[in-house]
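Novice: Assemble chains B and C onto chain A, guided by the hints.
Protein chains in written order, with numbering that gives the first Met the number 0: chain A, 0 to 704; chain B, 0 to 262; chain C, 0 to 330.
Quick caveat, the hints were computed from the structure, so don't treat them as lab data.
All values derive from a computational prediction rather than experimental measurement.
Where a beta carbon is used, it is the ideal one built from N, C-alpha and C, also for glycine.
A hint or two may mislead.
With a straight-line cut-off of 25 Å between C-alpha atoms, the simulated DSS-like cross-links for lysine-lysine are [unchecked claim]:
| hint | chain 1 | residue 1 | chain 2 | residue 2 |
| --- | --- | --- | --- | --- |
| 1 | C | LYS163 | B | LYS260 |
| 2 | C | LYS163 | B | LYS251 |
| 3 | B | LYS111 | C | LYS191 |
| 4 | B | LYS236 | C | LYS289 |
| 5 | B | LYS52 | C | LYS198 |
| 6 | C | LYS191 | B | LYS251 |
| 7 | B | LYS151 | C | LYS198 |
| 8 | C | LYS61 | B | LYS251 |
| 9 | C | LYS263 | B | LYS251 |
| 10 | C | LYS304 | B | LYS251 |
| 11 | B | LYS260 | C | LYS170 |
| 12 | B | LYS1 | C | LYS315 |
| 13 | C | LYS61 | C | LYS16 |
| 14 | A | LYS263 | A | LYS39 |
| 15 | C | LYS237 | C | LYS315 |
| 16 | C | LYS296 | B | LYS236 |
| 17 | B | LYS202 | A | LYS270 |
| 18 | C | LYS163 | B | LYS236 |
| 19 | C | LYS191 | B | LYS151 |
| 20 | C | LYS296 | A | LYS473 |
| 21 | C | LYS16 | B | LYS260 |
| 22 | C | LYS326 | C | LYS315 |
| 23 | B | LYS251 | C | LYS198 |
| 24 | B | LYS260 | C | LYS289 |
| 25 | C | LYS296 | A | LYS682 |
Cβ-Cβ distance ranges computed for the label pairs, FRET-style [unchecked claim]:
| hint | chain 1 | residue 1 | chain 2 | residue 2 | range |
| --- | --- | --- | --- | --- | --- |
| 26 | A | ASP266 | B | ILE205 | 23 to 29 Å |
| 27 | C | PRO101 | A | GLU44 | 55 to 61 Å |
| 28 | C | ASP254 | A | GLU374 | 14 to 20 Å |
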Amino acid sequence: MSPVAENYLGITGYVIFWFLFAIALGLFIQRVCLLIRLLKLGRPENRFDRLAYRFINMLALAFTQWRNLKAATLKDPSPIGHAFMFWGLGLFFIAYLVFIGFGSGFGLFTVLSGGAFETVFFSILDIAAILVIIAMLWVIIKRYVIRPERLKREETTEEKITQASLITVIIVLMLLHYGMEGFGYAAYGVPGSWPPLGTALANTLVSAGISRDSLVAVYQSLWWFNYILLLGAVIYAPRSKHLHPLFSFSNMAFKNLNPRGALKTVDIQKKEEWGVSKIQDFSWKQLLDGYACTWCGRCHTVCPAQLSGKPLSPRELILGMKEHLLKVGPDLLKAGRAAAAVPVATGEAGAAGSEPAVVPPENPEKAFIGDVISEDAIWACTTCLACQEVCPSCNEQMNNIIELRRHLQMAAVTETARDPLKNLRVRGNPWRGTMYARTDWAEGLDIKIIGEDSHVDVLYWVGCTEALEDRSLKVAQAVARLMKQAGVNFGILGEEEMCCGDPARRLGAEHLFQMLAMNNIQLFSSYNIQKIVTACPHCFNTLKNEYPRLGGQFEVIHHSQFIADLIKKNLLKLNQFREAVVTYQDPCYLGRYNDIYQPPRQILKSIPGVTLVEMEQNRKNGFCCGGGGGRMWLEEDTGQRISEMRLSQAMDTRVQVMATACPFCLQMFEDAARVKEVGESLKIRDIAELVAEALEIPKDAKDKA
Amino acid sequence: MKNIIVCMKQVLDPEIPLSLFHIDTEARQAIPPKATPPVLSPFDENALEAALKIKDTQESNVTVISLGKKLNRVVVSSALAAGADHLVLLQDEAFSDFNTYLTAGALAAAIKKLGPYDLILCGLQAADTNTGQVGTGIASMLGIPCITAARKVELDDDKVRVEKVSADGSEVIEAPAPAVVTTNYEVGVLREPGVEAFMSAAKKPITTWNAQELGIETAGTDCFNMVQMYEPVQEGKCEILEGASPEEKAEKLVTRLTEVKVI
Amino acid sequence: MSENTGVLVHCEVTGGKFAPIAIELLGAGSRLASELGQELSAVLIGSDIGGLAQEAIACGAKKVYVIDEPSLKDYATEPYLMVMEKVVQQALPSILLLGQTPSGRDLAPWLAFRLNTGATMDCMALEIDPATRRLLMTRPVYGGNAQAVQVCKTDPQIAAVRTKAMAPSAKDDTLQGRVINIEAGIDSASLKTEVVERKIEAAVGVRLEDARVVVAGGRGIGSAEGFQQLEEVAGLLKGVVGATRPPCDARWVPDSRQIGITGKIVSPDLYIAVALSGASQHVSGFFSSKVIVAINKDPEANIFKVAHYGIVADWKAALPAFTARLKQVVG
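The shape of chain A in the complex, shown without the other chains:
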């Protein structure tokens, strides 16, 4: 019989049940509403397109635990534990709903309990509970005994209490399940040998000869204890530091469905819509990321900036946002939405007179930029996207950094980035001081300039680095030679080519990016360009994924894809050039950003004599060269050099050649190789250079080899 049907001190169990339930539900809703209202402090963002797809995708991601499981490795198989817990507790959630909610609360226990349904369900729960307990023991060992790097974090007392209580409550709930089964069956009749553990316990209790009244009393106590514990969890959950069980679902539903590599395009006229300097400047979705963070620490341990000793931690940014919102948000809500106009930190140039004067929050909180995250940390990001790749909750850490950078560039360009940004504005390229004109690399190669003859099938977009940077010119020459050899009808823009805008955008100077992009789009249109091949993944990403938002839709191909195709079509015949052991560096903007991993490897495998050896970190978890995010032009003076770290990883493979497919990787590794004095023992080459070296026809004598 259900304990709810009993009378306690004259009051029926139903009243107590529903009274407690109402309190718990009320407190739960109250808190969740606050959390949602805090989110609404943020800017609007449209993540409500394709709702059906979003919903189904969320269910799929959540229930398959896909994002978590794909991060499991031999060294770190803990995602399996989480899956156990998730599925196990999911089943329990349904059980509580059915048996406590409908069974007891609505008095349907005669229908639901005591029959085959209950037997089957409880049997499943018996096994699920074991899995959950295993998962919890796993958690205890990981978090308190082993303490891997990923989980090392300075935590507040409250955060520590949250964790400990969560683990305890779950284990207790599982034990209560067995307890209730045991005492329940012992008191009211053992149904047979299923559920296995429940019935086993019950039989033990029966043979212990405990009186029926005691059994019933214990059973009822356990039942109410279980109920109150559950309600307590319901009240505590949204108030705890661990919000992800409630919010990870929604984060998956609202995840970014646009190309990963496309940053948000903003209307630069509407400066109230972009650039983040205080918590309310983030969009509600960005703030939701804070709730959805699971503290797994994966983003922290894959971030190249963090690994090389910079003050940037994606995890701390997200959790910092959450904490800041929880601390500052309620006051902001009190002061009203208008208070959002006033910067939280004092000293900032006051909001323009158009906003009404408002009472600032009572305690002048710390400034977001400077205290929650330092400027150094903001500039340390290389935009490699490793953090977003690995996050089980689909958080978008990198995008937040760019928003912060946009704010820092609002009034005046920051000093560190001044040279490349000014050069972009004035000269259309970020390489201040280059001695080269954009066509110097092509001298003597007899290449069509589209301004003179626009009848081409393909535009070869050279990119600033390969046109103007000493080492990279050779790559442009190699690509051109390959295209000529294969008989491709291509042309270059020559002096008309301007930067694609990627460095400007990554450094936060959105106005420069849009100026350059609009210029280029107009230029392409005027020549009726449709197909573009580029050897630079940054140009590739921007032209392909970001130009469409500004009205420029073109077919954009990376040179690795193009050359792989030429080789497949037998348009390039490769001779054996020599035995070489080669490793390949996956450029972040080609790999993680655009999922292009195979073509460069195909190319390397089709060069006779080449043996490809993979570095330990490759493909999706490839390691950045440190040049992205505009960092190519910024000083790296804290900690180790990211490029040197990666070069060491390459040297560990004992290869002779490190192949790249990105001019930034090329530059960074050449510089690192010089510092580490590798000399001839490790050559850094673009894949185009390797293919060109392997061609049958000898090089043109006029080439600047």
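Specialist: Same frame as chain A, now just chains B and C:
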């Protein structure tokens, strides 16, 4: 409210890649390259930064004047984005990059036309002509003092105070305002405008005057004859000194450098 | 205008002696005067400088105008301008030569505007056009990418001459000349500009951008200790040490020493590149240097394509010898 005037010249990009730089020996000037837009002369940008630094600390109105045959709006209006309040363009067929006297005269006339002023800032020298005389010329024509090669400029109520490098150290010089000051790079690199600055620049006023509106005579103002202009032949030949040993080579190198009076 | 005749040279005095530019100008002036068949004169302005007049005469000056007054000890625009105007009005030269020095660069334009004539700055070469008998002045334009030759139609033809561009005058103590003392006659009350403070600063803190001589090292230097040797050379030449990016990356020298795209742009009279390959990001930082010298053990290094003088040698062996010989010459 202080009135500060900054004279900024639009010049051929001094960082132009050499393969794009050519002299028209007939016209005796550089051929304007198609692909490389002109820029504001670097020392003039420093001068603007000096003006803006003063504006940072006291209420000032900064007017930028640019003079040329044909001015590129995008280039010169970047001065407004950097923080200037008003842009005055002096454009006339008769103006020339190399006519110092006419340039100084036109600028002086424009300054007079604008009204009262406290300080006039110019770059030390223009990146194309490399002469460094216009600032002095303006001062001479307006009858006010001129302090050249400043590395720090301050404007008090009635005084201009300048710090400049001297033969064996530095000097602080004061002159009664108004005065002309020419600046070197040490006054500071010009702040690069962010997006906000660009947006607000679009609303700032631009005035355009030609020689007639300035009331100046353009004929017969050039006391020079440009006889020739050419690119010096780039030999690209390095004189390699030989020797039997590194030590001998090194010694020969010193000797040679002494011979050619480099050391 | 046709009354103007002769060459007048402003002889700068530093530390009680003629500055090297003064001797160079006297040499050039002497040459020009003899080509024109006219007289060379000199003007000396300062305090306690009377004794130098004889030296000017020994360099070929037939007349030496001396304005010797305590208030003129250090250069200041207004008094020097007044005095020079006075001298020019008395001497009425056809050609007036000054140095392209801090004082010359300040003074020459003033004189041009005051005297209703033109000044040509940073002259690298001076010749007399045989046909017109006017002074042909060659100077750099467009940052040194081109050169211009021009003639001033009015007198005096004022030229500010680049240091070390002219051959210094030979000295002949047997030469005779006249010393003309002139009163400055400056009413100090009428001076508007005032030098409020003078600071003598030791040359220790010379900035890379200001240095006339830069000694730069590259990756091949190998260590911070290696850079000490470059410091020694720089010290002898009163120059400053610079570096390419790798030594800064490797922390052998502070980042402030970096020359190149992401570092500083320098334009010294002499740039000595030691063990650096001359990658373009670096070269663009110094390619407008007047003279570039390279020491590198790789004959194919790019630096040899931009240098004017060089030796193919390992710097570890060559630099000590270079330094020793330098000590003899300069020290």
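Novice: For each hint given before, does the structure comply? Return the numbers of the non-compliant ones in rising order.
Specialist: 6, 8, 9, 12 and 23
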